[in-house]
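Trainee: Spelled out, the chains give:
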Amino acid sequence: MTASNRLPAKTNEVGRRKLTLALIAAAVCVGPLAAWAQTQIYDSKTHTWVNYDKKKARQYYARNNQAPEAFRMQTVTFRTAEPPGTIIIDGNQHFLYLVQPGGQAIRYGIGVGREGFGWAGIVRVGRTAEWPTWTPPVEMVARDPNAAKWAAGMPGGPENPLGARALYLYEGDQDTIYRIHGTAEPWTIGLDVSSGCIRMNNDDIVDLASRIKIGAKVIVLMQGAALYKGV
Amino acid sequence: MAAMTSVALLGACTPPTPPAPESMARTTLQTAPADLQLLCANSAAGVAGPNAKVLPTASRQLPDGTFGVDLDAGGKKFSCVVDNNGTVRSVQPAQSG
Numbered sequence: 020m021t022a023s024n025r026l027p028a029k030t031n032e033v034g035r036r037k038l039t040l041a042l043i044a045a046a047v048c049v050g051p052l053a054a055w056a057q058t059q060i061y062d063s064k065t066h067t068w069v070n071y072d073k074k075k076a077r078q079y080y081a082r083n084n085q086a087p088e089a090f091r092m093q094t095v096t097f098r099t100a101e102p103p104g105t106i107i108i109d110g111n112q113h114f115l116y117l118v119q120p121g122g123q124a125i126r127y128g129i130g131v132g133r134e135g136f137g138w139a140g141i142v143r144v145g146r147t148a149e150w151p152t153w154t155p156p157v158e159m160v161a162r163d164p165n166a167a168k169w170a171a172g173m174p175g176g177p178e179n180p181l182g183a184r185a186l187y188l189y190e191g192d193q194d195t196i197y198r199i200h201g202t203a204e205p206w207t208i209g210l211d212v213s214s215g216c217i218r219m220n221n222d223d224i225v226d227l228a229s230r231i232k233i234g235a236k237v238i239v240l241m242q243g244a245a246l247y248k249g250v
Numbered sequence: 041m042a043a044m045t046s047v048a049l050l051g052a053c054t055p056p057t058p059p060a061p062e063s064m065a066r067t068t069l070q071t072a073p074a075d076l077q078l079l080c081a082n083s084a085a086g087v088a089g090p091n092a093k094v095l096p097t098a099s100r101q102l103p104d105g106t107f108g109v110d111l112d113a114g115g116k117k118f119s120c121v122v123d124n125n126g127t128v129r130s131v132q133p134a135q136s137g
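First to last, the sequence lines map onto chains R and B.
So the first sequence is numbered by this note's numbering: it starts at 20 and just counts up by one.
So the second sequence is numbered by this note's numbering: it starts at 41 and just counts up by one.
Everything labelled a hint here was simulated from the structure, so no lab data went into it.
One or more hints might be untrue.
Straight-line alpha carbon distances no greater than 20 angstroms define the calculated PhoX-like cross-link-like pairs of lysine-lysine that follow [said to hold, decoys possible]:
#1 R/K236 - B/K93
#2 B/K116 - B/K93
#3 B/K116 - R/K248
This structure is a prediction, so every number in the text was calculated from the model and none was measured.
Working from the sequences, and respecting the hints, build out all of it.
Mentor: Written as C-alpha cells, this is what we have:
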C-alpha cells in the first residue's frame, strides 16, 4: 500500500491537484511549449486527411517499405534569394530543402524533435561523417537507459541511430550538438520523434551528403520552438 | 427540378479533387510555405541591416489568402506580409503588447 492510498479521500484529491499543477509548471519550465501539430496524410481511398502517428507510420512502412510519397525525395519549386547549396529545414511540415539553381529545390522528408526538443536557428555544416559513431549526450544518458549503455560510443552500422551519414551542425566554430543524420527507424520520417536532431532515410542522407559542401548554410524553421542560443 | 436534383446528387457523389501526390502530407499547424517565410526574412534583412541574421519564428495564413510571418533579427522583431506569388507586401517593426 502506498502512502497516498492511506490518506483520506479529501487529502488525496488536494494532493492530486497539487501534483497536476506541479506537472504543468514543470512542463512550462522545461522549455517552451512548441506549437504542437499532428502530421496528417491524405487517404486516397476515403478522400480524407487522416492522422499519421507512430502506429500508422509503422503500419504504412510495413506495407509499402517506404514513407508516404510526400516524404520521398523530389524536386519542387522553391522561390528564394538563398544561394544554391543552402539547406532549409521546415521542421513543422517535416521537409528539408536543398536549394538548387533556377528557383528549385530538392525536397526530402525528415523526422524532427519531439515536443520540447525542437529548435530554430541559422547554423552551418561543420563536418560530415560516413557511418558515424553515435555518442549520446550526457543528458540523454541520464534519462534514457537505452542510450546509457552506449555512453562510451556506439560504432557505426545499420542499428546505429545516426544511420549512414551525419552532417554536424556548427554555429561559427562551435559544434551545436545537433546533426542531420540517417536513421535506423525509417518509418519515423514525417514525425516529431527526435531529441532535436534532424533525421532522414539513409538513402536520402547519403544523397544529401554527396551534394553539399562543408560550410553550407542551414536555416532551421520551427514555429513555437526555442531559438538556438548555443550549447 | 429533376435536373437540379440530379446535379445535386452528382455533386454529393463526386469525391473531392485529391491533392497532388507531393502535397499529400501536412500538419494541423498551417504555417506559410518555407520559401515564402524566407522571402520575408530576406526583405527584413534590408531593413534590419546587411549583417543581420533574420529568422522566421512564426507564420499563419491571413483571411485574404496572404501569409503573415513573424521575424527575429537578433532580438528585433518584425512583421511581414507575403502573398502566394512571392511578393512581399510589407515589412515593419512588430508592435509590442
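Trainee: Hint by hint, note whether the structure agrees.
Mentor: Each hint tested on the structure:
Proposed proximity of R/K236 and B/K93 is supported: the alpha carbons are some 12 angstroms apart, at most 20 angstroms. Restraint check for B/K116 and B/K93: satisfied, since their Cα atoms lie roughly 10 angstroms apart, inside the 20 angstroms limit. Pair hint B/K116 plus R/K248 holds up; C-alpha atoms about 15 angstroms apart against a cutoff of 20 angstroms.
Of the hints listed earlier, there is not a single one the structure fails to meet.
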